[in-house]
Amino acid sequence: NVSQGCQGGCATCSDYNGCLSCKPRLFFVLERIGMKQIGVCLSSCPSGYYGTRYPDINKCAKCKADCDTCFTRNFCTKCKSGFYLYSGKCLEKCPGGLEANNHTMECTSIVH
Amino acid sequence: RLDANLISVVPEKSFEGLLSLRHLWLDDNALTEIPVQALNHLPALQAMTLALNQIWHIPDYAFQNLSSLVVLHLHNNRIQSLGANSFDGLHSLETLDLNYNELLEFPGAIRTLGRLLELGFHNNNIKAIPENAFVGNPLLQTIHFYDNPIQFVGQSAFQYLPKLHTLSLNGATDIREFPDLKGTTSLEVLTLTRAGIHLLPRGMCQQLPSLRVLELSHNQIEDLPSFHRCQRLEELGLQHNRIHEIRADTFVQLVALRSIDLSWNYIQFIHPEAFVTLHSLTKLDLTDNQLITLPLDGLGGLTHLKLQGNAALSQPFAKDSFPKMRVLEVPYAYQCCAYGSCSNFFKKSNQWGAEDLSPEEEDPHKRTMELFPGHADNHYDLDADDIQLDLEESKLHPTIQCTPNPGPFKPCDHLFE
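First to last, the protein sequences are chains P and F.
Each residue of the first sequence is one higher than the last, beginning at 98 in our numbering.
Each residue of the second sequence is one higher than the last, beginning at 4 in our numbering.
Quick caveat, the hints were computed from the structure, so don't treat them as lab data.
A virtual CB, placed ideally from N, CA and C, is assigned to each residue, including glycine.
Treat the hints with care, as some may be off.
[Stated by the list, open to error] What follows is a set of in silico ranges between Cβ atoms, one per label pair, in the way DEER data are often shown:
(1) P:Y113 to F:G312: 45 to 53 Å
(2) F:T169 to P:G193: 29 to 37 Å
(3) F:D177 to P:S111: 46 to 54 Å
(4) F:S283 to P:V208: 54 to 62 Å
(5) P:N114 to F:P298: 49 to 57 Å
(6) F:P411 to P:G131: 47 to 55 Å
(7) P:H200 to F:N128: 44 to 52 Å
(8) F:F272 to P:L117: 52 to 60 Å
(9) P:E196 to F:T169: 30 to 38 Å
(10) P:D163 to F:G86: 35 to 43 Å
(11) P:P152 to F:Y64: 24 to 32 Å
(12) F:L5 to P:T109: 24 to 32 Å
Take these sequences, add in the hints, and give me the full structure.
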């Protein structure tokens with residue numbers, strides 16, 4: 098049964114499933130608790146996920162396995178430890194002509 | 004992040020001095036134009052979204068100083084037209100999303116995007132893809148352009164795309180000839196349905212050595228070449244064409260071929276050796292053809308066989324002809340009798356791939372385990388399509404579904420006494 102009187106940014110919700118849809122501009126996220134999944138509405142996506150806005154829904158989706166935060170699935174903005182970031186990609190080794198900066202964990206141009 | 008506001012104008016100096024800015028969110032606002040001047044001062048910008056605005060046109064040189072930009076999202080705007088030089092200057096661009104706009108013509112301005120990997124312009128109003136459409140984008144891996152009223156596709160439109168894996172064209176009725184895919188050697192999935200193709204070139208498989216799925220349904224193909232050079236072919240869809248014969252060499256040496264759909268054709272003759280080398284074949288659909296006999300050599304591995312609608316095909320089938328059969332559809336009920344008595348051993352089958360299981364036969368624990376296969380470690384399981392229930396492959400219950408069911412008016416015994 099769908100109830101209208103919801104909290105937490107839901108537009109519609111149900112006792113069992115949590116949010117079914119979100120108020121405008123919020124991101125719909127499926128949060129799992131044990132075997133159950135409930136819908137929650139957030140103003141931005143949790144860490145490890147990126148948001149995509151669409152006319153009817155704003156969704157969060159996972160970044161790649163080697164990426165901590167990302168702009169889209171194919172464009173990382175911060176890699177997991179052990180990887181260097183270069184142009185949106187997470188690399189174990191920096192490509193030729195670039196050097197690994199272990200402070201920022203990025204591949205940067207070699208300064209002569 | 005400036006997304007989800009009511010911004011309709013971005014003044015020229017808005018981003019002045021932000022020489023290190025890398026990621027910019029301006030989606031879900033009220034922009035009607037590209038803020039060209041404001042974007043002129045962002046040399047380090049790598050990713051930007053202007054999606055969900057009301058932009059209607061992209062002028063020439065709109066992004067000319069964004070030489071580091073890798074990702075540009077413009078989906079869900081009202082873009083009807085582009086300048087011929089709209090994307091000049093985007094030397095690093097790899098992803099361009101123009102989906103859900105109102106483009107009337109193919110975005111020719113992409114020709115300057117030499118590093119483009121991913122292009123989307125689905126859900127627009129584009130009617131033609133011109134010759135040499137992607138000549139400037141040799142690194143393209145994916146192109147999404149479904150849900151456009153595409154009628155015409157240039158013969159050379161998809162040539163020289165050595166990284167392209169998937170090409171889907173549906174309903175382009177003006178396509179008369181199979182496209183020339185010279186140099187597009189990594190293609191794995193080719194879907195070209197509801198067009199007007201009547202001939203497949205002899206050398207098509209030489210151009211497509213990596214092809215796994217070939218879907219050519221709803222065309223006007225009469226004669227098949229030999230597919231033997233499509234060595235990795237796994238699925239072949241030729242339903243709703245005008246094929247009348249299968250020769251000995253049509254499918255020869257296709258050792259990876261698992262599924263062939265030849266339904267709704269005019270096939271009268273299949274050469275006795277047509278299936279002999281198809282060691283992986285499990286599904287064969289010959290519904291609604293004009294078969295008189297079916298050669299059985301090479302069909303021992305079948306799990307799904309559909310023959311309904313072949314009125315002249317009256318041969319009875321021995322049970323050991325198909326030791327692995329699970330779903331069998333035959334022209335006449337008596338052809339099901341070989342598969343055991345006429346009692347409730349038979350089950351009504353109404354789906355090609357899935358098997359009907361009555362509730363008490365389902366194992367609740369098994370069903371539950373399948374719903375959450377591998378995401379026990381984190382509590383956000385957000386991507387619903389990660390949860391894949393493949394009923395077809397589960398080996399829950401090996402009964403054979405054979406239709407039409409023999410019954411009181413379609414007896415087994417009476418016929419054989």
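Those earlier numbered hints the structure runs against, lowest number first: none
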